[in-house]
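A.B. asks: The residues making up each chain are set out below.
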Amino acid sequence: MELEEVFSSKPRMKILKLIYQLGQLNVSDVARRIKMNYTATSEHLKILTSEGILEERVYGRVHMYRLSETPKAKAVVALIEAWEKP
Amino acid sequence: MVPNQSVFKDESKLDINYIPQKLPHREKEQRLLSEFFSFILRCPERMAQRVILTGDVGTGKTALAQHFGANITSEANKRRIKFRYVHVNCREFRGSLQTILHRAVMAFRPNYPARGYGAEEVLAALMQVLDEEEATMILALDEFDSLIEKEGSDAVYKLTRLQEMRQGKPQRLSFIFIMRNLDATAQLDESARSTLQRSIISLTRYGKPQLIDILSDRVALAFELGAVSEDVVDLVAELAYSETGNARFGIELLWRAGKYADAENAGVVEPECVRLAISSIVPSLRRSELASLGLHERLFLLAVARYFKENEEVYAALTEIEKTYAVLCEEYGETANSHTQLWNYAQYLTKLGVLRTEVASAETRGRTTRVSLPTIPAVELERQLSDSLTQNGRRD
Ligand SMILES: Nc1ncnc2c1ncn2[C@@H]1O[C@H](COP(=O)(O)OP(=O)(O)OP(=O)(O)O)[C@@H](O)[C@H]1O
Ligand SMILES: [Mg+2]
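Chains as they are written, first to last, in the numbering used here: chain A, 2 to 87; chain B, 2 to 397.
Bear in mind the hints are in silico, worked out from the structure with no lab data behind them.
Hints may be right or wrong, so weigh each one.
Once the Cα atoms are required to be at most 30 angstroms apart in a straight line, the calculated DSBU-like pairs of lysine-lysine come out as [stated by the list, open to error]: (1) K73/A with K170/B; (2) K86/A with K11/A; (3) K73/A with K86/A; (4) K75/A with K11/A; (5) K209/B with K83/B; (6) K75/A with K83/B; (7) K83/B with K18/A.
Here are the simulated distance ranges between beta carbons [to be verified]: (8) G61/A with A185/B: 28 to 38 angstroms; (9) K23/B with K36/A: 48 to 58 angstroms; (10) A79/A with E150/B: 45 to 55 angstroms.
Chain B residues, not near chain A, derived (Cβ > 12 angstroms throughout) [claimed, not checked]: (11) D11; (12) T55; (13) A77; (14) R116; (15) G117; (16) E133; (17) T196; (18) D235; (19) E244; (20) I282; (21) V380.
We put the beta carbon where it would ideally sit given N, CA and C, even for glycine.
Chain A extracted, bound-state conformation (with noise of 0.2 angstroms):
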């Protein structure tokens, strides 16, 4: 996916906040709090997942998603710490 799809997505841009400021969460937990639907929520964390840019932990019927350990998710961080901290 090109870089302006990516990051073209609000949901996907609050999804990458939101696992930035909590950590591992679990796919109905961040669909709660982004208020979307499971299914929606579940494709953007997917997509997030296939970039390298999440990572994902299967714990029977539990799926969680953290940041990764790629250049790609450092970025995001580093993007995410300069544009929200003062």
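Given the structure of chain A, go ahead and fit chain B with the ligands onto it with the hints provided.
C.D. replies: Just chain B with the ligands now, with coordinates in the frame of chain A:
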């Protein structure tokens, strides 16, 4: 009077959740715990351990476990061993295994979903998380009996067979099961019970001297210097001792007594404050007991009440009470009874639980009988007795 002179230096040291730096008279048990879990510092992942901690109410089970947990955690940190001590009170979570295990998972995954997954799934998740983190954990399950009551043998199997299901994999999860006694385990299957009961540490009840040590330590931390005399500590220890050796009871009593002292702006905790404090916890002289007393027994008891109202002491020699009693007899137009008779009254009132008597050997004059009024506030007792004496006293 100096306003707002609190007897407390740091009230939080009397809080039920405060864990003191040292636990006098539990050194042996602390060493035992350290021994049982020493492998965590030497060769974590090679083995796992299950220990039961039992003892009556207020014998320091929770304090001991948490104290140990803090120590081993800091030792592990020093050695860069990945380790967590997690202490969960099962009763707080109504004995639900799933909820309790969720607390353990939260030590590493704070956002792990709390609902919608069974105990088995959460347990599997816990093991997976420990593997991911390459960490070991001691899970202390306090008031474990409530888990047994709720979940039965099944839960015990799930917890204890854990490692058998992971043959060849690193061992990561150890347990401390805490309960007052083993009664609850009677309802478990034979095999569940036997897998549970391997290493047991039982805490004996504290004696009065031990309670004095524990309470003195706490007084030094929580109260202003000189606010609580040795005699008052002695009185509180005596009361905690008769309350099954319950240290919590003693500590709570100290706190309440301090509150009464502050309310009176007294600057020090007087014995009367302790009596007021305990009467707010346990009932005072019951009406029926009072009604059963004869005229001279009442006069004697009134003498005790007067004496302690006027003297800020914990103990009084029987001969001192006798003097006050003689004055009272005059007041009420009665002829005073003999010393032996008074000694009998003291024995009877002790049996009722109103007084406490003890024989102290004074160096100069042989043995003297000492009386104390441990639980009923002297002021309250005086009022009750005066009322009863003016109502029907003269008819006797
Ligand atoms: N040896 C000790 N030294 C100092 N404080 C102690 C000692 N033993 C107990 N205490 C204190 O006494 C109080 C009661 O102890 P604790 O809560 O550990 O009892 P427990 O055995 O867990 O009782 P319960 O069965 O009611 O849960 C706590 O405030 C604790 O800090
Ligand atoms: Mg306890």
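A.B. asks: For every hint, state whether the structure bears it out.
C.D. replies: Consistency of the hints with the structure:
| no. | hint | result |
| --- | --- | --- |
| 1 | K73/A with K170/B | 34 angstroms, violated |
| 2 | K86/A with K11/A | 20 angstroms, holds |
| 3 | K73/A with K86/A | 20 angstroms, holds |
| 4 | K75/A with K11/A | 20 angstroms, holds |
| 5 | K209/B with K83/B | 41 angstroms, violated |
| 6 | K75/A with K83/B | 25 angstroms, holds |
| 7 | K83/B with K18/A | 29 angstroms, holds |
| 8 | G61/A with A185/B: 28 to 38 angstroms | 30 angstroms, holds |
| 9 | K23/B with K36/A: 48 to 58 angstroms | 52 angstroms, holds |
| 10 | A79/A with E150/B: 45 to 55 angstroms | 53 angstroms, holds |
| 11 | D11 | 35 angstroms, holds |
| 12 | T55 | 34 angstroms, holds |
| 13 | A77 | 23 angstroms, holds |
| 14 | R116 | 10 angstroms, violated |
| 15 | G117 | 8 angstroms, violated |
| 16 | E133 | 7 angstroms, violated |
| 17 | T196 | 25 angstroms, holds |
| 18 | D235 | 53 angstroms, holds |
| 19 | E244 | 46 angstroms, holds |
| 20 | I282 | 45 angstroms, holds |
| 21 | V380 | 58 angstroms, holds |
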